[in-house]
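Protein chains in written order, with numbering that gives the first Met the number 0: chain W, 0 to 290; chain Z, 0 to 502.
Treat the hints as calculated values from the structure; they're not laboratory data. It is possible that some hints are incorrect.
[Said to hold, decoys possible] Derived lysine to aspartate or glutamate pairs resembling DMTMM-like cross-links, with alpha carbons at most 25 Å apart:
#1 Z:497 x W:240
#2 W:102 x Z:402
#3 Z:159 x Z:320
#4 Z:49 x Z:109
#5 W:102 x Z:191
#6 W:150 x Z:424
#7 W:102 x Z:132
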Amino acid sequence: MWEGIGLPVRALTWIGTAMVVVSLTAWPAIGQGGAGSLPDLVEIPGGPFVMGADAARDPLAYDNERWSRAAGEAAVDVPLFYIARHEVTVAQFSAFVRATSWKADPQAAAGPPSHPVTFVTWPDALAYCRWLEAMLNGSPDTPPQLRQRLKEGWRVSLPTEAEWEKAARGTDRRTYPWGNEPRRDRANYENTATTPVGQFACPECPYGLADMSGNVWEWTSSPSQPYPYDLSDDRANLDADALWVMRGGHYGDGPRNVRTTTRGAADPGARRAFIGFRVAVHLTASPASSR
Amino acid sequence: MALTAGLLAISLLPRVQGNVALTRSFWGAAALLLAWTVVLAVSARKWNWKPSLVLAPPRAQHYIQSLCHLTIYAYWGWYWRPVYDFAPLIVAQLLFAYAFDMLLSWSRREAYVLGFGPFPIIFSTNLFLWFKDDWFSLQFLLVAVGFAGKAFVRWERDGKRVHIFNPSAFTLALFALVLLATGTTSITWGQEIATTFGLGPRIYAVLFLTGLVVMYFFAITPVTVAAAATLFGASALYAAVTGVPYFVDSEIPSAVFLGLHLLVTDPSTSPRTPFGRAIFGVLYGLGVFALYAILGALGLPTFYDKLLCVPLLNLAVPGIDRWVRAIGDRPILKRLALNGPLGRGNLAHMTAWVILFGAMTTLGATDGRHRGDALPFWEEACAANRPRACERLLRIEASYCADNAGWACNELGRHYVEGRLVPADEARAFGYFARACEGRFQAGCVNLLDSATPSVANPRAIDLRLLVREGGPNLLEMPEPELYARACSHGWSFACGKASASR
Numbered sequence: 000m001w002e003g004i005g006l007p008v009r010a011l012t013w014i015g016t017a018m019v020v021v022s023l024t025a026w027p028a029i030g031q032g033g034a035g036s037l038p039d040l041v042e043i044p045g046g047p048f049v050m051g052a053d054a055a056r057d058p059l060a061y062d063n064e065r066w067s068r069a070a071g072e073a074a075v076d077v078p079l080f081y082i083a084r085h086e087v088t089v090a091q092f093s094a095f096v097r098a099t100s101w102k103a104d105p106q107a108a109a110g111p112p113s114h115p116v117t118f119v120t121w122p123d124a125l126a127y128c129r130w131l132e133a134m135l136n137g138s139p140d141t142p143p144q145l146r147q148r149l150k151e152g153w154r155v156s157l158p159t160e161a162e163w164e165k166a167a168r169g170t171d172r173r174t175y176p177w178g179n180e181p182r183r184d185r186a187n188y189e190n191t192a193t194t195p196v197g198q199f200a201c202p203e204c205p206y207g208l209a210d211m212s213g214n215v216w217e218w219t220s221s222p223s224q225p226y227p228y229d230l231s232d233d234r235a236n237l238d239a240d241a242l243w244v245m246r247g248g249h250y251g252d253g254p255r256n257v258r259t260t261t262r263g264a265a266d267p268g269a270r271r272a273f274i275g276f277r278v279a280v281h282l283t284a285s286p287a288s289s290r
Numbered sequence: 000m001a002l003t004a005g006l007l008a009i010s011l012l013p014r015v016q017g018n019v020a021l022t023r024s025f026w027g028a029a030a031l032l033l034a035w036t037v038v039l040a041v042s043a044r045k046w047n048w049k050p051s052l053v054l055a056p057p058r059a060q061h062y063i064q065s066l067c068h069l070t071i072y073a074y075w076g077w078y079w080r081p082v083y084d085f086a087p088l089i090v091a092q093l094l095f096a097y098a099f100d101m102l103l104s105w106s107r108r109e110a111y112v113l114g115f116g117p118f119p120i121i122f123s124t125n126l127f128l129w130f131k132d133d134w135f136s137l138q139f140l141l142v143a144v145g146f147a148g149k150a151f152v153r154w155e156r157d158g159k160r161v162h163i164f165n166p167s168a169f170t171l172a173l174f175a176l177v178l179l180a181t182g183t184t185s186i187t188w189g190q191e192i193a194t195t196f197g198l199g200p201r202i203y204a205v206l207f208l209t210g211l212v213v214m215y216f217f218a219i220t221p222v223t224v225a226a227a228a229t230l231f232g233a234s235a236l237y238a239a240v241t242g243v244p245y246f247v248d249s250e251i252p253s254a255v256f257l258g259l260h261l262l263v264t265d266p267s268t269s270p271r272t273p274f275g276r277a278i279f280g281v282l283y284g285l286g287v288f289a290l291y292a293i294l295g296a297l298g299l300p301t302f303y304d305k306l307l308c309v310p311l312l313n314l315a316v317p318g319i320d321r322w323v324r325a326i327g328d329r330p331i332l333k334r335l336a337l338n339g340p341l342g343r344g345n346l347a348h349m350t351a352w353v354i355l356f357g358a359m360t361t362l363g364a365t366d367g368r369h370r371g372d373a374l375p376f377w378e379e380a381c382a383a384n385r386p387r388a389c390e391r392l393l394r395i396e397a398s399y400c401a402d403n404a405g406w407a408c409n410e411l412g413r414h415y416v417e418g419r420l421v422p423a424d425e426a427r428a429f430g431y432f433a434r435a436c437e438g439r440f441q442a443g444c445v446n447l448l449d450s451a452t453p454s455v456a457n458p459r460a461i462d463l464r465l466l467v468r469e470g471g472p473n474l475l476e477m478p479e480p481e482l483y484a485r486a487c488s489h490g491w492s493f494a495c496g497k498a499s500a501s502r
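Pulled out of the complex, with its shape left as it was, chain W reads as follows:
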């Protein structure tokens, strides 16, 4: 999709490439898979998955991944949603900036076009989602299934923390999207810079998503709160200073931070060379209002 997908990857063998193609088509998807203007969205079926981790099962787990005092992890039921196969690229974000008067950091558009966009704040990411939703609503190329979802009130946004984790680890409690052991041929980590989105093939990944480990941290639509994760997404606490969860670790991290359960958090105004995002389409929960 977009510019990144379909680029030949130097390190891959023909067999590996064939496996990627098989993997990418193994899950139902809507949107364009090539370098078109629409996102390549992968359907993640509704149902429960196991969220969280503790040191008894995963020695690398941080304390904030533990579900509760009583349990290290718990089953969470996540309704069906769609998530982009790739992180939003510099080219895609630049198209948004060009098309709107949104004031983004000039560094966001300065990277190589096929790399994940960075130097984006949390509001920048949501502004992009908002623009993309308007584009999808107005574009004749929008697949009928997606158009119907949007008509029904589904929204383009950032994935929630639970959605992100389910998309990354599937339903079999994986530590990494490809399994339980770190593999440097599957993700961009312990490195010095970003790589083009989708450069690392991950045929073993549960839903065929790329870069769920490493490359850049990805903003989510969940505020940073201690577990247990609240299905209403914990948006009722309006008095705390805002911190929003990001997931996936980045190119410079070690294996511990690129696990599927690692929880990072950042100031929503943070613009960093290692924070980007990917989009999701879902039915949004209404946040609470109080004063």
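For this one, chain W is given, so just place chain Z on it according to the hints.
Below, chain Z alone, put in the same frame as chain W:
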């Protein structure tokens, strides 16, 4: 040549070198002066004429006013550092002013009278308007226009050929008109100057005391007293009728208070009699009062109110003098010590001013808290549909949002979603919520996700440090219990509980 060299020397300072446009404006001004000097030298040689210079004895009108200006700069700059950073640029304007005035005199084959004259002109001009570094060439033009106006726009008055306009007020008003007409106020620091002037905690008292010195020496007391009384009276009348203050957070804005001490009080361009000066002051007060409303209604920056009417008043001076002569000596004028020549009765007028200022201070119209400082006051006034209260609430919130108070940005976003105070505008609302969120105001972030029913929350301590500053500097150092106590006194009911809990 020495003045031009001085200008070039200042252009080598890091303050100037740090901005290419600023450096070029210095070089441009120096090149202009140099070219003019060369032309003049060639012309003098050709016509066998020698430029002359006369040393004038120092005039109190110049050096005392200048010292008063410097006092104000020192105090203002203490609370707003850009003033001190701007000092080399003021020195540069002085050098330019002397050189320009000198060359202008010699070009007209007149001897140049060297004194302190340019000091009060430059100092008073810079108390009201600076062009930003990228546009600093216009600051030199501002100075040049002021001196050209002084040299060329003259009339006969009491048998003497004198300049009509207060030189600084003339050029300020002219440039203000152009900036307003072209919508280019943002190339100046005018708004910042007007708002930062009140950062000093006792700015009214400082201006009052400094003004007393000017009043003592130059008998301009009736101008200031009449202007202040008019503005104070009109403000009070408006507040009594409408229930809200006329000027948002003061009875007389501090920058206007400065204007009625050090801008409109040029003795050379004021009426010749105490009564005439009192009328001049009343007209200035009414002019500022009316211009504030007119500029506000047109959606233009209101801080120009104190500048625009001065040249018109200068033009009215002969008329005022004639009218005063026609009235003749009236008993009431005698009782008010407004008859007779200037100077007589000045101490009595100063006493009246001390009493008036004391009364204004007692009534909370000068330093200290003003009811318009409290945002809850404007929220309630807006809810009660008081005149212009909602418009002011929006303006105050916009100003705090610009200062990164997340709470204020979120409130603005909410207004643009609800469409009650302003036409609904989803894109603007999103922009304000984004700004609130980037300021870590959680409700703003939540509203970015879904603004159908906007989330609201109370201001955080970091917001209150701006919201309850009462026109002064941000309260970054104030302990939280004191901060919440102050917020409570502003009408933030949630803060009362926090204040008592933290005691």
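So, going through the hints one by one against the coordinates:
Between residue 497 (chain Z) and residue 240 (chain W), the direct Cα distance comes to roughly 17 Å. Compliance with the 25 Å bound is thereby established for this hinted pair. Pair hint residue 102 (chain W) plus residue 402 (chain Z) holds up; C-alpha atoms about 17 Å apart against a cutoff of 25 Å. Note on residue 159 (chain Z) and residue 320 (chain Z): the hinted pairing holds, with a Cα-Cα distance of about 15 Å set against a maximum of 25 Å. The straight-line distance between the Cα atoms of residue 49 (chain Z) and residue 109 (chain Z) is roughly 10 Å, inside the 25 Å bound, and the hint therefore holds.
Between residue 102 (chain W) and residue 191 (chain Z) the alpha-carbon distance is near 23 Å, which keeps this suggested pair within the 25 Å criterion. Of the pairs offered as hints, the one joining residue 150 (chain W) and residue 424 (chain Z) holds, with about 22 Å between alpha carbons and a cut-off of 25 Å not exceeded. For the given pair, residue 102 (chain W) sits about 24 Å from residue 132 (chain Z) by alpha-carbon distance, which is consistent with the 25 Å threshold.
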